[in-house]
Amino acid sequence: MAKRLVDTKYERSLKDLDIFVPNRWSEPDQEVPYFEGEERLLALCERFNFPQTGAKAAFREFCHDPIHPPDLIRNMINGLQKTIPISSAEAERGFSIMNLILTPLRNCLLIVNLSSLMFISMNGPPTHIWDSQQSVTKWLSKHRDANDTRSRVHRLETLGDLNPVQAFFARR
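This note's numbering applies: residue 1 is where the sequence shown begins, and numbers increase by one.
It cannot be assumed that every hint is accurate.
Heads up, simulated DMTMM-like pairs for lysine to aspartate or glutamate below, C-alpha to C-alpha not over 25 Å straight-line [unchecked claim]:
1) Lys82 <-> Glu39
2) Lys15 <-> Glu90
3) Lys56 <-> Glu92
4) Lys15 <-> Glu46
5) Lys15 <-> Asp71
6) Lys82 <-> Glu46
7) Lys82 <-> Asp18
8) Lys142 <-> Asp161
9) Lys56 <-> Asp18
10) Lys56 <-> Glu38
11) Lys56 <-> Asp16
12) Lys15 <-> Glu39
13) Lys56 <-> Glu36
14) Lys56 <-> Asp71
15) Lys56 <-> Glu39
16) Lys15 <-> Glu36
17) Lys142 <-> Asp131
18) Lys15 <-> Asp65
19) Lys56 <-> Glu46
20) Lys82 <-> Asp16
21) Lys15 <-> Glu38
22) Lys15 <-> Asp131
23) Lys82 <-> Asp71
24) Lys15 <-> Glu61
25) Lys82 <-> Glu38
26) Lys82 <-> Glu61
27) Lys82 <-> Glu11
28) Lys82 <-> Glu92
Estimated spans, in silico, between C-beta atoms of each pair [said to hold, decoys possible]:
29) Asn75 <-> Pro126: 26 to 36 Å
30) Trp130 <-> Asn99: 46 to 56 Å
31) Ser135 <-> Lys15: 38 to 48 Å
No lab work stands behind these hints: they were computed from the structure. Note that the Cβ used here is the ideal one computed from N, Cα and C, for glycine as well.
The whole structure should be built from the sequences, with the hints applied where relevant.
In structure tokens, the structure reads:
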């Protein structure tokens with residue numbers, strides 16, 4: 001269950017999204033949260049790779065008229081909607097793919113590797129379209145096949161090389 005919870009480093013990004021909801025602006029005595037909102041907006045721009053030029057001016061326009069946001073803010077909100085999986089169907093699809101990848105035999109994957117495999121699984125081409133020839137050629141050119149003579153050779157052990165307990169179980 002802990003794997004499904006939000007990591008603390010992303011918690012701040014999710015909190016920054018509140019700047020687009022006027023009802024949640026933090027300071028009741030301040031009519032428009034320029035300073036705090038601009039900082040949060042720039043953090044969102046940096047986190048989600050949005051252009052920062054003109055973001056402050058667009059945010060000030062948005063603060064004065066939240067019903068009709070400027071194009072920059074509207075594009076940012078649309079981009080965030082496409083980036084962050086907010087519906088339960090998308091989230092459950094991600095969890096389902098994660099459960100298919102993380103099996104008892106492959107439970108020691110790093111989060112980075114799991115994330116990459118999930119990204120390929122969700123966004124990559126279907127396997128019947130993907131041409132594996134280029135990847136296999138590159139993999140074999142780096143001498144990663146089992147018949148490579150430069151790799152370590154497994155020494156075959158005889159029963160004489162084993163201790164008595166190992167020899168007992170090897171005969172069975």
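Evaluation of the provided hints:
A threshold of 25 Å between alpha carbons decides the hint, and for Lys82 with Glu39 the separation of about 23 Å falls inside it, so the pair holds. Simply put, Lys15 and Glu90 have alpha-carbon atoms about 21 Å apart, close enough for the 25 Å limit, and the pair holds. A hinted pair counts as satisfied when its Cα atoms are at most 25 Å apart, and Lys56 with Glu92 does not qualify at roughly 36 Å. This hinted pair checks out: Lys15 and Glu46 have alpha carbons roughly 15 Å apart, not beyond 25 Å.
About 22 Å separates the Cα atoms of Lys15 and Asp71, which keeps this hinted pair within 25 Å; it holds. A C-alpha spacing of about 17 Å is found between Lys82 and Glu46, which places the hinted pair at or below 25 Å, so the restraint holds. Straight-line distance between C-alpha atoms of Lys82 and Asp18 comes to about 17 Å, which keeps the hinted pair within the 25 Å bound. For the hint linking Lys142 to Asp161, the alpha-carbon distance of about 34 Å lies beyond 25 Å, and the restraint is violated.
Using a Cα cut-off of 25 Å, the hinted pair Lys56 and Asp18 holds, with the two alpha carbons roughly 16 Å apart. Between Lys56 and Glu38, the direct Cα distance comes to roughly 6 Å. Compliance with the 25 Å bound is thereby established for this hinted pair. The suggested pairing of Lys56 with Asp16 holds, with an alpha-carbon distance near 15 Å, which does not exceed 25 Å. Pair hint Lys15 plus Glu39 holds up; C-alpha atoms about 12 Å apart against a cutoff of 25 Å.
Straight-line distance between C-alpha atoms of Lys56 and Glu36 comes to about 11 Å, which keeps the hinted pair within the 25 Å bound. Taken as a hint, the Lys56 and Asp71 pair is honoured in the structure, with Cα atoms around 13 Å apart against an allowance of 25 Å. Restraint check for Lys56 and Glu39: the C-alpha separation of about 9 Å stays at or below 25 Å, so the hint holds. For the hint linking Lys15 to Glu36, the alpha-carbon distance of about 12 Å falls within 25 Å, and the restraint holds.
For the hint pairing Lys142 with Asp131, the CA-to-CA distance comes to about 19 Å; that is within 25 Å, so the pair holds. At roughly 22 Å between alpha-carbon atoms, Lys15 and Asp65 fall within 25 Å of each other, so this suggested pair holds. Taking the CA atoms of Lys56 and Glu46, the gap is near 13 Å; set against the 25 Å cutoff, the hint holds. Between the alpha carbons of Lys82 and Asp16 the distance comes to roughly 17 Å, so the proposed pair stays at or under 25 Å and holds.
Taking the CA atoms of Lys15 and Glu38, the gap is near 14 Å; set against the 25 Å cutoff, the hint holds. For the suggested pair Lys15 and Asp131, the alpha carbons sit about 42 Å apart, so the restraint of at most 25 Å is broken. With a C-alpha separation of about 16 Å, the suggested pair Lys82 and Asp71 falls inside the 25 Å cut-off, and the hint holds. As the CA atoms of Lys15 and Glu61 are separated by approximately 21 Å, the hinted pair is consistent with the 25 Å bound.
For the given pair, Lys82 sits about 22 Å from Glu38 by alpha-carbon distance, which is consistent with the 25 Å threshold. Simply put, Lys82 and Glu61 have alpha-carbon atoms about 23 Å apart, close enough for the 25 Å limit, and the pair holds. Distance check on the hinted pair: Lys82 and Glu11 sit about 18 Å apart at the alpha-carbon level, within 25 Å; holds. Restraint check for Lys82 and Glu92: the C-alpha separation of about 16 Å stays at or below 25 Å, so the hint holds.
Between Asn75 and Pro126 the CB atoms are about 30 Å apart, so this pair conforms to the stated range of 26 to 36 Å. At about 23 Å, the CB distance of Trp130 to Asn99 disagrees with the hint of 46 to 56 Å. Separation of Ser135 from Lys15 is about 40 Å and conforms to the stated range, judged on CB atoms against 38 to 48 Å.
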